[in-house]
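Undergrad: The lines below spell out each chain.
Protein chains: 2
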Amino acid sequence: MKRIVTGALLIAFALTVVFLPDQFQWVLGLACAVLAEMALFEYLRLANKTGANVTYWLVMLVAAVFIFISYRLPDYQMQTLSLVSLLLLIVSVFTAPLNRILPDAAYGFFGLLYAVYPWTLLPIFRSQSNGRGLLIFLLVSVWSGDIFALYAGKRWGRHKLALELSPGKTWEGAVGSMLGSLFFATVLLLIDFGVARQFNYVLFGYMEATWQWSLVVPWLLLAALLNVAAQVGDLAESALKRGAGVKDSGDLLPGHGGILDRIDGLLLAAPVLWCIESLRDYAFFSRFFSRF
Amino acid sequence: MKRIVTGALLIAFALTVVFLPDQFQWVLGLACAVLAEMALFEYLRLANKTGANVTYWLVMLVAAVFIFISYRLPDYQMQTLSLVSLLLLIVSVFTAPLNRILPDAAYGFFGLLYAVYPWTLLPIFRSQSNGRGLLIFLLVSVWSGDIFALYAGKRWGRHKLALELSPGKTWEGAVGSMLGSLFFATVLLLIDFGVARQFNYVLFGYMEATWQWSLVVPWLLLAALLNVAAQVGDLAESALKRGAGVKDSGDLLPGHGGILDRIDGLLLAAPVLWCIESLRDYAFFSRFFSRF
Chain A
1 MKRIVTGALL
11 IAFALTVVFL
21 PDQFQWVLGL
31 ACAVLAEMAL
41 FEYLRLANKT
51 GANVTYWLVM
61 LVAAVFIFIS
71 YRLPDYQMQT
81 LSLVSLLLLI
91 VSVFTAPLNR
101 ILPDAAYGFF
111 GLLYAVYPWT
121 LLPIFRSQSN
131 GRGLLIFLLV
141 SVWSGDIFAL
151 YAGKRWGRHK
161 LALELSPGKT
171 WEGAVGSMLG
181 SLFFATVLLL
191 IDFGVARQFN
201 YVLFGYMEAT
211 WQWSLVVPWL
221 LLAALLNVAA
231 QVGDLAESAL
241 KRGAGVKDSG
251 DLLPGHGGIL
261 DRIDGLLLAA
271 PVLWCIESLR
281 DYAFFSRFFS
291 RF
Chain B
1001 MKRIVTGALL
1011 IAFALTVVFL
1021 PDQFQWVLGL
1031 ACAVLAEMAL
1041 FEYLRLANKT
1051 GANVTYWLVM
1061 LVAAVFIFIS
1071 YRLPDYQMQT
1081 LSLVSLLLLI
1091 VSVFTAPLNR
1101 ILPDAAYGFF
1111 GLLYAVYPWT
1121 LLPIFRSQSN
1131 GRGLLIFLLV
1141 SVWSGDIFAL
1151 YAGKRWGRHK
1161 LALELSPGKT
1171 WEGAVGSMLG
1181 SLFFATVLLL
1191 IDFGVARQFN
1201 YVLFGYMEAT
1211 WQWSLVVPWL
1221 LLAALLNVAA
1231 QVGDLAESAL
1241 KRGAGVKDSG
1251 DLLPGHGGIL
1261 DRIDGLLLAA
1271 PVLWCIESLR
1281 DYAFFSRFFS
1291 RF
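Order-wise, the sequence lines are chains A and B.
If you read the first sequence in the working numbering, its first letter stands for residue 1, the second for the next number, and so on.
If you read the second sequence in the working numbering, its first letter stands for residue 1001, the second for the next number, and so on.
Any given hint might turn out to be false.
As the list claims (entries may be wrong) - The calculated lysine to any residue pairs, modelled on SDA-like cross-linking and capped at a C-alpha distance of 20 Å, are:
#, chain 1, residue 1, chain 2, residue 2
1, B, K1247, B, L1150
2, A, K247, B, P1097
3, A, K49, B, G1051
What the hints assert, rightly or not - These stretches of chain B come out as covered by chain A in the derived footprint (C-beta under 8 Å, 3 or more residues):
#, region
4, 1112-1121
5, 1227-1241
These are calculated hints, taken from the structure and not from any lab test.
Just so it is clear, CB atoms sit at the ideal spot from N, CA and C, and this is done for glycine as well.
Required output: the full structure, derived from the provided sequences and hints.
TA: Quick look at the structure:
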């Protein structure tokens, strides 16, 4: 029960933030920054239980710089990431014991890419022409998969997916997750098409005014790809937790464990979506992904 | 003697590659790719001596992908880096023992940023309008500092700079290094000015046809900044080596130790130069760095 209430509140909050008018995009930016720092904190706790000895405030400070510059100058993420990482290395060199320099810098840096970078992409998606649609598509592909996996796994689950990494997961749950994502993606496409035809208003921007099968296929492929990324992300986070010998990454969300447990799928799905989005610019892919 | 011959051959090779005509920029790209893989190999050896257990061929393979895409599509470095890093993580998840997943992914990923990323920037510098000039300026700032540091340190060195990190380094050597970089940067500016005036030909592109003091100042500041970055990079690499308990990073270059020993300064100086270059785009800095 607690789990369902928390989940519903989270979904309502996410939808509100995504649908705020353009001049309130900074609210999304701020929410992502807070969530990124929370995810990073939980990651660093896991890392320190796996043998690292990272200074929390230092990594969280350079993460804040990275998040802020990514928000203001998204074209310079690579330069910013390299600069803050070199800063991490330099501070480690001058403050850490000799045999801790490389591990601490490496663990801290990996946290920036694993737990922080995906959050910096959400405001970038939002700023695109069909930004709200992209964000909703991403969240729905990831979350509906989560929910269906739970249900299908409980109902039919028999064959273990990866016993050592995450003993609760089954192949039946994984298939349910994929079907859930495809189902909800279809619902989104239908809503978009229906709203566009009824009210002559582009709600998500997947379809514009005319239903075209040729546009449905790439969107469903994208949903499937995001679902796979999310499931692998889920497995990866479970593996990191088990490597650190803990069950939940934190206890921030009643009934859901930590932040990292709840958004583990997003941490892989968001970068994958960003890569797919980036392919649009190039002529070679331009026909296949023409309306993305 | 061996040391001097090797050094002279390296400098001659570097100058040749930098000054090749535009249609042979791929030679620079190829040379950088080879050097990056060699540096990465030595880094991974250090990492594995510091407690990592990274699979060489896997990291070197994703590094090759990163290098190639960086060369073809430099605007998509961030996406590529995130994708290959997620690949590293996923392969670790499915192949490494549970408690090795996070460390192996983190060490591998740090190697991409520390030992590989700087090399991908050199072809990017070369492709700019005063690309040759930028590269020569970078190499001269880093290498002349190295040479002067050695001489000044041997002649006057008395006060240890960072005994624990690198016992051979002295403050006198560090000051000598800085003066060496400034001296050779001035020489480059004078050559550029002289050639431009005598032959009406832009050799490096620092000065164009008229000598302007207002242009000398930012170039010398840049030389000083690159020198500091190179010296810190030198210290960082010494620290990593001592953390791993080895003296030389490798034995590829007669009299010079490994590749990593020879290019440690460049690994920090190149990203710093790239950040400075990127600042040029923005109005706030445009006046100060107007001719960069």
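Undergrad: Each of the hints needs a verdict: does it hold here or not?
TA: Here's how the hints hold up against the structure:
no. : hint                : verdict
1   : B:K1247 <-> B:L1150 : 17 Å, holds
2   : A:K247 <-> B:P1097  : 18 Å, holds
3   : A:K49 <-> B:G1051   : 15 Å, holds
4   : 1112-1121           : holds (count 3)
5   : 1227-1241           : holds (count 5)
In this structure, every one of the numbered hints holds.
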